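Q: For reference, the chains in residue letters:
Protein chains: 2
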Amino acid sequence: METYASLRNLKFLLHEVLNFSQLQQYERFADYDDEAADMALDAARQIADTYLYPFYREMDKDKAYYAEGTVHTHPALKEGIKALADGGWIAAIDDYDAGGQQMPATLLHAGLFQFYAANANLAAYAFLTQAAANLIRTFGDEKLHEAFVPDMYSGAWQGTMALTEPQAGSSLSDITTSAELTDEGHYLIRGQKIYISGGDHTAVDNVVHLLLARIKGAPAGTRGISLFVVPKFRLEDGELVDNDVTTAGIFGKMGQKGYVAAHLMLGEQREDCHGYLVGSPHQGLKFMFQMMNEARIGTGLVAAGTASAAYYAALKYAKERPQGRHPSNKDVNQEQVLIIEHADVKRMLLFQKAVVEGSLALLLQCSKLSDIAHVAEGEEKENAHLLLELLTPIAKSYPSEMGTLAVSTGMQCLGGAGYTDDFPLEQYYRDIRVNAIYEGTTGIHGMDLLGRKVTMAKGKAVKLLMQEIQATIEMAAKHSQLADMATQLGQVTRQLHKVTLSLLELASKEKPEVFLADATLYLEYFGTVTIAWQWLKQAAISNAALEKDLSTDEYEFYQGKVFTCRYFFEYELPKTSGLAYRLSSEDRLTLEIEESFIN
Amino acid sequence: METYASLRNLKFLLHEVLNFSQLQQYERFADYDDEAADMALDAARQIADTYLYPFYREMDKDKAYYAEGTVHTHPALKEGIKALADGGWIAAIDDYDAGGQQMPATLLHAGLFQFYAANANLAAYAFLTQAAANLIRTFGDEKLHEAFVPDMYSGAWQGTMALTEPQAGSSLSDITTSAELTDEGHYLIRGQKIYISGGDHTAVDNVVHLLLARIKGAPAGTRGISLFVVPKFRLEDGELVDNDVTTAGIFGKMGQKGYVAAHLMLGEQREDCHGYLVGSPHQGLKFMFQMMNEARIGTGLVAAGTASAAYYAALKYAKERPQGRHPSNKDVNQEQVLIIEHADVKRMLLFQKAVVEGSLALLLQCSKLSDIAHVAEGEEKENAHLLLELLTPIAKSYPSEMGTLAVSTGMQCLGGAGYTDDFPLEQYYRDIRVNAIYEGTTGIHGMDLLGRKVTMAKGKAVKLLMQEIQATIEMAAKHSQLADMATQLGQVTRQLHKVTLSLLELASKEKPEVFLADATLYLEYFGTVTIAWQWLKQAAISNAALEKDLSTDEYEFYQGKVFTCRYFFEYELPKTSGLAYRLSSEDRLTLEIEESFIN
Numbered sequence: 001m002e003t004y005a006s007l008r009n010l011k012f013l014l015h016e017v018l019n020f021s022q023l024q025q026y027e028r029f030a031d032y033d034d035e036a037a038d039m040a041l042d043a044a045r046q047i048a049d050t051y052l053y054p055f056y057r058e059m060d061k062d063k064a065y066y067a068e069g070t071v072h073t074h075p076a077l078k079e080g081i082k083a084l085a086d087g088g089w090i091a092a093i094d095d096y097d098a099g100g101q102q103m104p105a106t107l108l109h110a111g112l113f114q115f116y117a118a119n120a121n122l123a124a125y126a127f128l129t130q131a132a133a134n135l136i137r138t139f140g141d142e143k144l145h146e147a148f149v150p151d152m153y154s155g156a157w158q159g160t161m162a163l164t165e166p167q168a169g170s171s172l173s174d175i176t177t178s179a180e181l182t183d184e185g186h187y188l189i190r191g192q193k194i195y196i197s198g199g200d201h202t203a204v205d206n207v208v209h210l211l212l213a214r215i216k217g218a219p220a221g222t223r224g225i226s227l228f229v230v231p232k233f234r235l236e237d238g239e240l241v242d243n244d245v246t247t248a249g250i251f252g253k254m255g256q257k258g259y260v261a262a263h264l265m266l267g268e269q270r271e272d273c274h275g276y277l278v279g280s281p282h283q284g285l286k287f288m289f290q291m292m293n294e295a296r297i298g299t300g301l302v303a304a305g306t307a308s309a310a311y312y313a314a315l316k317y318a319k320e321r322p323q324g325r326h327p328s329n330k331d332v333n334q335e336q337v338l339i340i341e342h343a344d345v346k347r348m349l350l351f352q353k354a355v356v357e358g359s360l361a362l363l364l365q366c367s368k369l370s371d372i373a374h375v376a377e378g379e380e381k382e383n384a385h386l387l388l389e390l391l392t393p394i395a396k397s398y399p400s401e402m403g404t405l406a407v408s409t410g411m412q413c414l415g416g417a418g419y420t421d422d423f424p425l426e427q428y429y430r431d432i433r434v435n436a437i438y439e440g441t442t443g444i445h446g447m448d449l450l451g452r453k454v455t456m457a458k459g460k461a462v463k464l465l466m467q468e469i470q471a472t473i474e475m476a477a478k479h480s481q482l483a484d485m486a487t488q489l490g491q492v493t494r495q496l497h498k499v500t501l502s503l504l505e506l507a508s509k510e511k512p513e514v515f516l517a518d519a520t521l522y523l524e525y526f527g528t529v530t531i532a533w534q535w536l537k538q539a540a541i542s543n544a545a546l547e548k549d550l551s552t553d554e555y556e557f558y559q560g561k562v563f564t565c566r567y568f569f570e571y572e573l574p575k576t577s578g579l580a581y582r583l584s585s586e587d588r589l590t591l592e593i594e595e596s597f598i599n
Numbered sequence: 001m002e003t004y005a006s007l008r009n010l011k012f013l014l015h016e017v018l019n020f021s022q023l024q025q026y027e028r029f030a031d032y033d034d035e036a037a038d039m040a041l042d043a044a045r046q047i048a049d050t051y052l053y054p055f056y057r058e059m060d061k062d063k064a065y066y067a068e069g070t071v072h073t074h075p076a077l078k079e080g081i082k083a084l085a086d087g088g089w090i091a092a093i094d095d096y097d098a099g100g101q102q103m104p105a106t107l108l109h110a111g112l113f114q115f116y117a118a119n120a121n122l123a124a125y126a127f128l129t130q131a132a133a134n135l136i137r138t139f140g141d142e143k144l145h146e147a148f149v150p151d152m153y154s155g156a157w158q159g160t161m162a163l164t165e166p167q168a169g170s171s172l173s174d175i176t177t178s179a180e181l182t183d184e185g186h187y188l189i190r191g192q193k194i195y196i197s198g199g200d201h202t203a204v205d206n207v208v209h210l211l212l213a214r215i216k217g218a219p220a221g222t223r224g225i226s227l228f229v230v231p232k233f234r235l236e237d238g239e240l241v242d243n244d245v246t247t248a249g250i251f252g253k254m255g256q257k258g259y260v261a262a263h264l265m266l267g268e269q270r271e272d273c274h275g276y277l278v279g280s281p282h283q284g285l286k287f288m289f290q291m292m293n294e295a296r297i298g299t300g301l302v303a304a305g306t307a308s309a310a311y312y313a314a315l316k317y318a319k320e321r322p323q324g325r326h327p328s329n330k331d332v333n334q335e336q337v338l339i340i341e342h343a344d345v346k347r348m349l350l351f352q353k354a355v356v357e358g359s360l361a362l363l364l365q366c367s368k369l370s371d372i373a374h375v376a377e378g379e380e381k382e383n384a385h386l387l388l389e390l391l392t393p394i395a396k397s398y399p400s401e402m403g404t405l406a407v408s409t410g411m412q413c414l415g416g417a418g419y420t421d422d423f424p425l426e427q428y429y430r431d432i433r434v435n436a437i438y439e440g441t442t443g444i445h446g447m448d449l450l451g452r453k454v455t456m457a458k459g460k461a462v463k464l465l466m467q468e469i470q471a472t473i474e475m476a477a478k479h480s481q482l483a484d485m486a487t488q489l490g491q492v493t494r495q496l497h498k499v500t501l502s503l504l505e506l507a508s509k510e511k512p513e514v515f516l517a518d519a520t521l522y523l524e525y526f527g528t529v530t531i532a533w534q535w536l537k538q539a540a541i542s543n544a545a546l547e548k549d550l551s552t553d554e555y556e557f558y559q560g561k562v563f564t565c566r567y568f569f570e571y572e573l574p575k576t577s578g579l580a581y582r583l584s585s586e587d588r589l590t591l592e593i594e595e596s597f598i599n
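Those sequence lines, one after another, are chains A and B.
Under UniProt numbering, think of the first position of the first sequence as 1, with each following residue one higher.
Under UniProt numbering, think of the first position of the second sequence as 1, with each following residue one higher.
Don't read these hints as lab results, they were simulated from the structure.
Computed from a predicted model, the values in this text were never measured in an experiment.
Treat the hints with caution; some may be incorrect.
Chain copies aren't distinguished; within one or between two, either way the pair holds.
[To be verified] Under the rule of at most 20 Å between Cα atoms (straight-line distance), these lysine-lysine pairs were calculated in the PhoX-like manner:
#1 K548 <-> K316
#2 K458 <-> K316
#3 K511 <-> K330
#4 K330 <-> K381
#5 K509 <-> K330
#6 K78 <-> K498
#7 K216 <-> K63
#8 K330 <-> K286
#9 K286 <-> K478
#10 K381 <-> K458
#11 K11 <-> K78
#12 K458 <-> K498
#13 K463 <-> K143
#14 K381 <-> K460
#15 K511 <-> K575
#16 K319 <-> K82
#17 K478 <-> K330
My request is simple: use the sequences and hints to build the entire structure.
A: Listed below in structure tokens is the structure:
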């Protein structure tokens with residue numbers, strides 16, 4: 001049995017579901033055949049087993065702390081980052097001649113899933129650095145690239161994204177951190193940033209903030225925001241000198257206690273915090289959105305990984321713990337049965353498996369779309385891009401929201417033991433909860449999906465998705481055991497389409513508040529249908545595989561897929577009817593109610 | 001605005017919904033008019049404000065710890081227990097001549113709700129003592145009563161219920177702690193108990209365990225279990241001497257860190273742990289069930305109270321925090337709006353209010369049924385008892401399960417701030433989670449509801465509930481604004497009835513595993529309909545009140561009720577359609593799947 005993530009499942013998704021080796025047709029990925037992918041996944045597992053998983057609980061108990069202006073982290077962090085860097089994972093997606101491996105995101109994310117499942121609180125540092133480096137690489141000039149990226153790839157320097165400010169939160173248009181151009185060409189930065197993940201710590205020699213600020217005189221709102229590189233130490237005459245970035249403290253968090261969230265003050269001590277503009281002025285938010293879109297997939301992976309680890313912890317317990325007897329055999333002189341034999345425990349485990357593997361399937365589907373959007377051309381590129389844009393809020397939110405419930409269900413499998421720190425469930429429960437807040441709350445993603453993504457390119461993304469779903473329905477309909485589910489998905493998808501059209505009609509008639517009021521429910525609805533699609537696809541492929549001669553392990557693996565799909569269609573997909581009811585209702589109570597009535 | 005619980009709402013439920021003063025017709029409660037009730041509620045608030053609420057966060061940070069055989073608790077605990085005892089709350093339900101106040105459970109629980117909302121981790125000690133004392137009082141002889149109850153009522157001694165053992169967990173038939181009768185009349189106890197709440201601590205002088213054990217030679221299973229009083233220190237020749245109850249340690253818990261869960265060893269040091277039999281041998285489980293039924297209502301109150309406190313913390317934040325702008329006015333030169341103005345935040349707050357006040361309404365309804373079952377006679381008594389039995393699994397589980405989601409939603413209202421310990425949401429989130437495990441997991445209560453309660457007395461309890469719901473529907477149908485909701489509840493209730501009948505038919509045809517497989521979903525389904533009933537009742541009463549001349553506060557209070565009812569019928573009740581679908585399905589996947597397929 002697996003401990004935190006299923007390698008078999010990753011290979012199933014990559015090879016059997018996503019046809020990973022198709023990517024070889026693109027020159028950039030020509031070296032990535034199936035064998036190369038498996039070797040990378042196995043290598044990732046080695047690192048995860050050795051440098052990450054053993055420190056998951058420890059990094060929580062001996063949590064990061066702030067003392068004398070510095071953030072102290074667990075000793076395992078430095079070695080862990082180094083192992084990930086040395087394994088080539090931080091630089092993985094960059095070009096060969098820049099020290100990278102031109103690794104497809106599909107494969108990178110399959111590796112990441114393992115790292116996050118093993119210990120997201122350690123791995124997150126390294127992949128935040130990767131995302132920050134990627135921003136410099138894509139939008140910065142050669143000088144910035146040379147000055148910062150190599151030390152980030154080596155794991156010596158930490159990268160961050162510094163967006164949030166105390167008064168602004170989710171509303172980026174309201175950030176006030178300022179940047180003033182000097183005669184020497186750099187900018188002087190002043191302001192405060194909060195909740196900066198990896199914002200400062202002792203496991204690295206320097207921290208490189210990719211920071212949003214407003215150049216003096218810039219237009220108000222999001223169109224006046226620029227992107228800067230702001231290091232903790234800046235290079236002057238070949239030496240690293242203090243860049244007036246002060247860490248005021250770190251936030252005490254319910255979970256992810258090993259993963260620092262810092263409060264930074266820029267230019268507060270000596271008005272001498274240098275920032276280096278990335279690209280042109282006022283383009284900061286556009287640039288940052290590239291990183292944020294990646295980070296959203298990353299957040300989905302963290303959530304799915306955490307839920308995966310919790311699932312295997314619960315499964316292990318359920319297969320070892322005797323408790324109670326079957327309702328039809330209460331003879332107390334007989335031994336108690338293992339709890340996995342109880343139907344309700346099976347249901348709870350299937351829920352977790354459905355969320356974990358359904359989420360992961362969607363996430364890797366998105367990764368493949370991002371690869372194609374990156375290297376393909378013309379319509380293929382555009383379609384992949386549109387579909388990715390549409391699915392990103394779901395790939396971020398479904399694992400975060402449902403993963404939180406899945407971990408809670410894992411805890412429930414253990415009963416009282418799950419609530420104690422004798423088992424890791426309580427940490428998974430605390431850790432996973434933040435993902436529905438990070439990188440845009442679920443509410444924000446609901447607005448993004450319904451308010452922007454559904455309507456972009458005249459609804460073309462939705463149309464593309466419907467085609468994909470239809471193709472899966474047709475594939476599944478050929479299997480007599482899946483035919484009913486294929487029909488069910490067709491019905492639910494048509495209903496979703498109908499609800500979408502009625503909401504868009506509302507958008508054309510009323511102020512935007514009206515059609516967006518229940519955008520969060522719409523996201524849940526859309527997400528559930530999307531995951532059902534992913535499950536039906538997996539079931540169809542598994543059902544075909546079951547027609548062959550299989551080893552016991554393989555037989556059980558594919559049967560697990562088919563049963564979990566059945567679970568999803570019996571227990572999860574029916575939830576859409578209640579959501580459709582509400583989204584079709586004309587009762588505007590959340591718009592009509594006065595604030596004072598909420599008391 | 002309230003801080004942790006609404007006194008206005010408690011008075012609304014007591015007087016306007018439950019007609020509390022009706023209880024005066026019973027001699028035992030003759031003194032309890034509306035004024036007496038309000039005085040008691042106000043007095044409870046005083047105690048909660050002074051002795052409980054200020055220490056909620058502190059008791060988590062300076063959590064209970066085990067050192068040198070003793071459990072050290074926060075200094076506030078001793079004073080808090082004393083305040084509750086001195087206020088008469090521990091002895092409240094006992095007879096006047098036994099030092100009690102003959103307080104109706106309806107009023108006691110309304111007081112408890114405030115204590116639990118203010119600081120459940122402190123109040124729980126006192127009310128566990130009350131429940132333990134109540135067991136002795138009801139089933140023990142005069143000698144036991146005199147020896148233990150007075151010191152428990154004064155708060156000097158702690159009471160506990162000691163059921164769980166490492167190998168038994170939820171399966172009480174498998175407990176092995178033994179009791180052997182001695183020539184002196186007491187029993188010698190040997191065994192281990194785990195997760196014993198309040199099991200040992202420094203804020204009291206003694207701990208009195210109400211403990212289940214098996215008398216040597218007793219029949220196997222639940223019919224061989226007896227109830228004992230086992231003190232930490234026993235009285236010998238007027239002195240307290242060590243009774244060989246050793247505390248092996250306490251459990252590290254995710255939450256409720258101020259509320260000790262101990263691991264006890266009985267008779268392990270010197271084989272000299274004395275236990276005193278309560279009532280006749282082998283009746284232990286029957287006796288304990290009285291306490292457990294009370295404790296289940298108590299658990300529901302803890303969950304509802306915690307969710308209430310979280311709700312007011314989220315509401316306060318939502319009314320103070322500016323963030324973002326309305327979709328139809330994105331002008332960044334205008335000030336940001338308070339987050340409570342966003343429809344999605346209103347929805348999140350209404351969800352919390354719906355869960356908190358819907359749960360509380362049901363809990364106090366149960367309390368009144370328990371009062372009537374206690375003092376009435378004949379059919380009235382029997383009906384109240386049956387209805388209470390039916391509703392108890394819901395009153396325990398709905399607040400626990402939905403309260404957990406409500407607190408999570410409260411955290412979401414705060415965004416990143418909610419995940420930090422700058423606000424209490426993260427503690428509420430950790431604390432509330434255990435309630436779905438305590439006193440029977442949700443799965444156990446699902447089996448109890450569908451496997452026992454629905455069928456008891458030939459289904460009479462369900463019939464009584466249907467009559468109650470019908471009466472509410474008729475009352476609401478008279479209000480034109482509520483007529484649609486009345487119709488909706490009628491439809492959903494009929495559907496629930498139909499699903500119930502089909503499950504019972506299944507029970508008659510197949511082995512019990514089949515109809516019980518989704519008992520947890522049935523509980524959720526039944527619970528949602530039950531809370532909808534409670535909301536429609538509150539809305540009908542509020543709607544009537546709105547026809548009068550009202551102060552602004554009163555107007556807003558009643559409008560809040562009507563809108564929250566609408567919320568429930570638009571967002572929560574429609575969830576039953578998905579549950580009905582599954583419960584009517586013939587796919588027996590959780591019975592058919594082999595354990596090895598869950599991988």
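Q: Decide, hint by hint, whether the structure agrees.
A: Outcome of the hint check:
no., hint, result
1, K548 <-> K316, "neither (29 Å within a copy, 61 Å between copies)"
2, K458 <-> K316, "neither (48 Å within a copy, 41 Å between copies)"
3, K511 <-> K330, "between (61 Å within a copy, 13 Å between copies)"
4, K330 <-> K381, "neither (61 Å within a copy, 32 Å between copies)"
5, K509 <-> K330, "between (62 Å within a copy, 19 Å between copies)"
6, K78 <-> K498, "neither (52 Å within a copy, 61 Å between copies)"
7, K216 <-> K63, "neither (39 Å within a copy, 49 Å between copies)"
8, K330 <-> K286, "between (64 Å within a copy, 18 Å between copies)"
9, K286 <-> K478, "neither (45 Å within a copy, 57 Å between copies)"
10, K381 <-> K458, "within (17 Å within a copy, 66 Å between copies)"
11, K11 <-> K78, "neither (30 Å within a copy, 58 Å between copies)"
12, K458 <-> K498, "within (16 Å within a copy, 45 Å between copies)"
13, K463 <-> K143, "neither (43 Å within a copy, 79 Å between copies)"
14, K381 <-> K460, "within (14 Å within a copy, 65 Å between copies)"
15, K511 <-> K575, "neither (29 Å within a copy, 28 Å between copies)"
16, K319 <-> K82, "neither (36 Å within a copy, 46 Å between copies)"
17, K478 <-> K330, "neither (43 Å within a copy, 50 Å between copies)"
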